[in-house]
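A.B. asks: Given chain A's structure and the hints, the job is docking chain B onto it.
So the sequence lines, in the order shown, correspond to chains A and B. Just so we're aligned, residue 1 is where the first sequence starts under this note's numbering, counting upward by one. Just so we're aligned, residue 1001 is where the second sequence starts under this note's numbering, counting upward by one.
Be aware that one or more of the hints could be misleading.
Claimed, not checked - Reference listing, derived: stretches of chain B covered by chain A, where coverage requires no fewer than 3 residues with Cβ under 8 Å from a Cβ of chain A:
id	segment
1	1202-1209
2	1236-1244
Said to hold, decoys possible - Taking lysine-lysine and the DSS-like style, the derived pairs with C-alpha atoms no more than 27 Å apart in a straight line are:
id	chain 1	residue 1	chain 2	residue 2
3	B	Lys-1294	B	Lys-1266
4	A	Lys-251	B	Lys-1170
5	B	Lys-1194	B	Lys-1073
6	B	Lys-1194	B	Lys-1126
7	B	Lys-1090	B	Lys-1170
8	B	Lys-1170	B	Lys-1194
9	B	Lys-1096	B	Lys-1086
10	B	Lys-1096	B	Lys-1173
11	A	Lys-251	B	Lys-1266
12	B	Lys-1126	B	Lys-1228
13	B	Lys-1272	B	Lys-1294
14	B	Lys-1096	B	Lys-1194
15	B	Lys-1073	B	Lys-1126
16	B	Lys-1090	B	Lys-1173
17	B	Lys-1194	B	Lys-1086
18	A	Lys-251	B	Lys-1194
19	A	Lys-251	B	Lys-1228
20	A	Lys-251	B	Lys-1086
21	B	Lys-1126	A	Lys-251
22	B	Lys-1073	A	Lys-251
23	B	Lys-1194	B	Lys-1228
Everything labelled a hint here was simulated from the structure, so no lab data went into it. Predicted, not measured: the structure shown is a model, and the values here were computed from it. Positions of the beta carbon are idealized from the N, C-alpha and C atoms, including for glycine.
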Amino acid sequence: MNRRIPALLCAGMLLLTGCAETRDADLSQRFPEQFRYCFGGQAENTLLAASADASGTVTETRSLYYTDADGTQRSCQYEIVRRDADRDAFRDLLTLDQRAMQIPFMAEFSERLLPQYFDEQFRADDWSIRFSETENSSVYGSADGLWADCEGYFTLSQADADSLGVSCRAYGCDLKTLAQNPFFLLHVSVSVTGAVSAEAAANYRARLQALCQDYIACAGSPQNYIFSFAPANPDAAPDAEPLCIAVLLGKPYEGSAEDAVSALEQQLRVRYPNRQITTGADS
Amino acid sequence: MKRRSIIPAILCAGALLLTGCSRDTDLAGRFPDYFRYSFGDGYRYSYEETEKTAVSGIQYDIFRLDYTDITGKQRSAHADITPYAKSDFKDEYASKEDYYYEEMQLLVDGEVDNVFADGFIEQILKPHFPTLTFTEKGSPQLGPDGADGFIIAGCINLVSVASDDELSSKLAKEMLQPDTGIQVCTLRPEDLVKDDRYYETFVISLTEDADAAMYQEWFEAALADYRKWGPQNYVFALKQRTEESSEFLFREVCMLGETVDPEARKALWQEKNQNDDYSTMIDMRQTMLESRRKQ
Chain A
1 MNRRIPALLC
11 AGMLLLTGCA
21 ETRDADLSQR
31 FPEQFRYCFG
41 GQAENTLLAA
51 SADASGTVTE
61 TRSLYYTDAD
71 GTQRSCQYEI
81 VRRDADRDAF
91 RDLLTLDQRA
101 MQIPFMAEFS
111 ERLLPQYFDE
121 QFRADDWSIR
131 FSETENSSVY
141 GSADGLWADC
151 EGYFTLSQAD
161 ADSLGVSCRA
171 YGCDLKTLAQ
181 NPFFLLHVSV
191 SVTGAVSAEA
201 AANYRARLQA
211 LCQDYIACAG
221 SPQNYIFSFA
231 PANPDAAPDA
241 EPLCIAVLLG
251 KPYEGSAEDA
261 VSALEQQLRV
271 RYPNRQITTG
281 ADS
Chain B
1001 MKRRSIIPAI
1011 LCAGALLLTG
1021 CSRDTDLAGR
1031 FPDYFRYSFG
1041 DGYRYSYEET
1051 EKTAVSGIQY
1061 DIFRLDYTDI
1071 TGKQRSAHAD
1081 ITPYAKSDFK
1091 DEYASKEDYY
1101 YEEMQLLVDG
1111 EVDNVFADGF
1121 IEQILKPHFP
1131 TLTFTEKGSP
1141 QLGPDGADGF
1151 IIAGCINLVS
1161 VASDDELSSK
1171 LAKEMLQPDT
1181 GIQVCTLRPE
1191 DLVKDDRYYE
1201 TFVISLTEDA
1211 DAAMYQEWFE
1221 AALADYRKWG
1231 PQNYVFALKQ
1241 RTEESSEFLF
1251 REVCMLGETV
1261 DPEARKALWQ
1271 EKNQNDDYST
1281 MIDMRQTMLE
1291 SRRKQ
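In isolation and in its complexed conformation, chain B is listed as follows:
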């Protein structure tokens, strides 16, 4: 009797193992330590495997994740993942491992973006921009939004995002380790901005008829509060369009670990390149990339 009951158990275990092996896209199984570290013990996940379409041959898995953030808010994330073996892009990765690191990083980056935007809006923007309005769903990536008189454009980025070099893969691995990576479930925007692997950009553009003095006051107050977080890399800019003047940017503050004088960098750039299509944001990102490559 005992032997009979053992056989199905062994078969079952074998089937589980086989199933486990075939589910290549199981990010939680692939990065178990990081998942426990980043999303806490209480995270839950599920899969939905789509059918392979007859013509395209495309098949992907929908990975859904639920976890609780530091404020007690329930958050959900999802990723649509094509198994490595079926991906048309697999040749562009050094290994299968690299491929799934990128999938995982995309999932984590999305959550970092959302957590940061929520905190930034609540703690920095709302107290200082009382006329600020948002779309019904909020502004998850701090996209252009605002009210009569101004728009705000901004977002947070991992320095290597969308960069096509070894750094992207190297940093993804660093970010997805329990000892060096980002912990999403305890993430607070004020901690995130201290991480020198990220940079933030914010531009507030005033309309022509807006009261520049009032908005500058709001801008300075928001910036002062933001600086209390101890951010490492950011650009804060305030601009207004006028008919009379071609000077739009009247306040730009830039940090790259330490305060940077955008005008001085612009002058250096112009001296070297003999033209004025200088962008502080591009300059900052390039500088950060170069600095990371040397590490």
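Pulled out of the complex, with its shape left as it was, chain A reads as follows:
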């Protein structure tokens, strides 16, 4: 009984403090338990810079270091706004967690699987993992009349991500862990953009199929993925036969890549009726 009273007082104080003044954006101090869970006990969260705009909103630039499943140290730099409300700050923590989960995934996929089949495209562009405003991760590159784009995103809105709670954590995450998360989708899209012979187009198409096989072998039972191949316009490789290999929630999906994204949204809504599901796509 005695242990509970200070805990309750503490919770009340946190909420009051949250309402009363602007809080520090150091998530490791604000939510130490959850931070430790998401990024491990050895994670480091360092302030690099802070700036304020005319309205007084303070934005901090920070770096995060944590360890993935392989024991490899991963890092990311991120910007974070100082929030008054704990609820908003907590969503920032989950957003950061989702981003951090994608780093070992994309690194493993891009460094080891992708170059086996689309080396020229990624060597030419000096690729790196990029994050959009919606925290979708992507790597892309182009060469030899071909555009290759690999995007990973969570099909769960931020408003609902907090209810995921401990189901997501970057600490110890790897390709297999994230691939088996029902809310995560990998979309690999290869497009013929220039003058490419029918033979070369068929070769690229076969490379994509081979890459897909490697991904399945690595991830075991990946939940959601789309591997699509198509000419970018009717003039580019008109003879190239489009391809779409899609699996949603572990089951093969017959249809186009565009339809697959919305089909996943619908299937997730059925499976998780109380959650707000989005495509997570930037558009």
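C.D. replies: Just chain B now, with coordinates in the frame of chain A:
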């Protein structure tokens, strides 16, 4: 005097019972027979209860397990478990029992993965792929790894993993019973692959300039040794990317209890679906799932 000493004892027992009841996530207490069976008499476990966070309301227990495997190696496993009553996902389970079965299965699956990977690397890969290198920590899930010239991708899976149907729950219960389930402390990879509830996938991808003939020799030798284990369900594939040809896969061996001809299955699939996005691995998993559902 005697009566006085009994009262605290009764109180203590009551407190223990209450504590026991409140510790919902005690997997060892929840599955005592299976724990003794699967992890041996000498297993030890501990808990760390995290504090409930003020904002998220999330609280979870860290369950740590230590046991000795069949080779005498000390192994550790851990699971972070949110109590059923506090889980946002509880409505997605038919019962509290189902919820904890899944938590338990995740713990066991992790150990099965690790034990299998260790044995497979030592007994099958290392003897036949002398240039194989691993990251410092090894390759616990047989993730992409290798050396100049090739990468290996592969893993072992329980057929129902990540499948969203009744089968998942049914098989989890079967796997976690002393008479029908998996015994981790005596687990050897060569026994595991005989279990028809699992399937294994391995793909060896050669780089463009790799000596395909040499690697095929290594591949065949590894496959021959693997077959001596008597595996039930697996796909072994060898591929190489070339500029000239769109043919990547030049060797694929598939077993689904009995040898399967991947080309014949592909032809059947194409006939039915009018396209060629066929995958032996997906086909195999779907076939196994359908077969399990009928049982």
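A.B. asks: Now, for every hint given, state plainly whether the structure supports it.
C.D. replies: So, going through the hints one by one against the coordinates:
no. : hint                      : verdict
1   : 1202-1209                 : holds (count 4)
2   : 1236-1244                 : holds (count 4)
3   : B:Lys-1294 <-> B:Lys-1266 : holds (23 Å)
4   : A:Lys-251 <-> B:Lys-1170  : holds (19 Å)
5   : B:Lys-1194 <-> B:Lys-1073 : holds (23 Å)
6   : B:Lys-1194 <-> B:Lys-1126 : holds (22 Å)
7   : B:Lys-1090 <-> B:Lys-1170 : holds (18 Å)
8   : B:Lys-1170 <-> B:Lys-1194 : holds (20 Å)
9   : B:Lys-1096 <-> B:Lys-1086 : holds (11 Å)
10  : B:Lys-1096 <-> B:Lys-1173 : holds (13 Å)
11  : A:Lys-251 <-> B:Lys-1266  : holds (18 Å)
12  : B:Lys-1126 <-> B:Lys-1228 : holds (16 Å)
13  : B:Lys-1272 <-> B:Lys-1294 : holds (23 Å)
14  : B:Lys-1096 <-> B:Lys-1194 : violated (32 Å)
15  : B:Lys-1073 <-> B:Lys-1126 : holds (19 Å)
16  : B:Lys-1090 <-> B:Lys-1173 : holds (18 Å)
17  : B:Lys-1194 <-> B:Lys-1086 : violated (39 Å)
18  : A:Lys-251 <-> B:Lys-1194  : holds (26 Å)
19  : A:Lys-251 <-> B:Lys-1228  : violated (32 Å)
20  : A:Lys-251 <-> B:Lys-1086  : violated (30 Å)
21  : B:Lys-1126 <-> A:Lys-251  : violated (35 Å)
22  : B:Lys-1073 <-> A:Lys-251  : violated (38 Å)
23  : B:Lys-1194 <-> B:Lys-1228 : holds (11 Å)
Hint compliance for this structure: hints 14, 17, 19, 20, 21, 22 are not met, and every other hint is.
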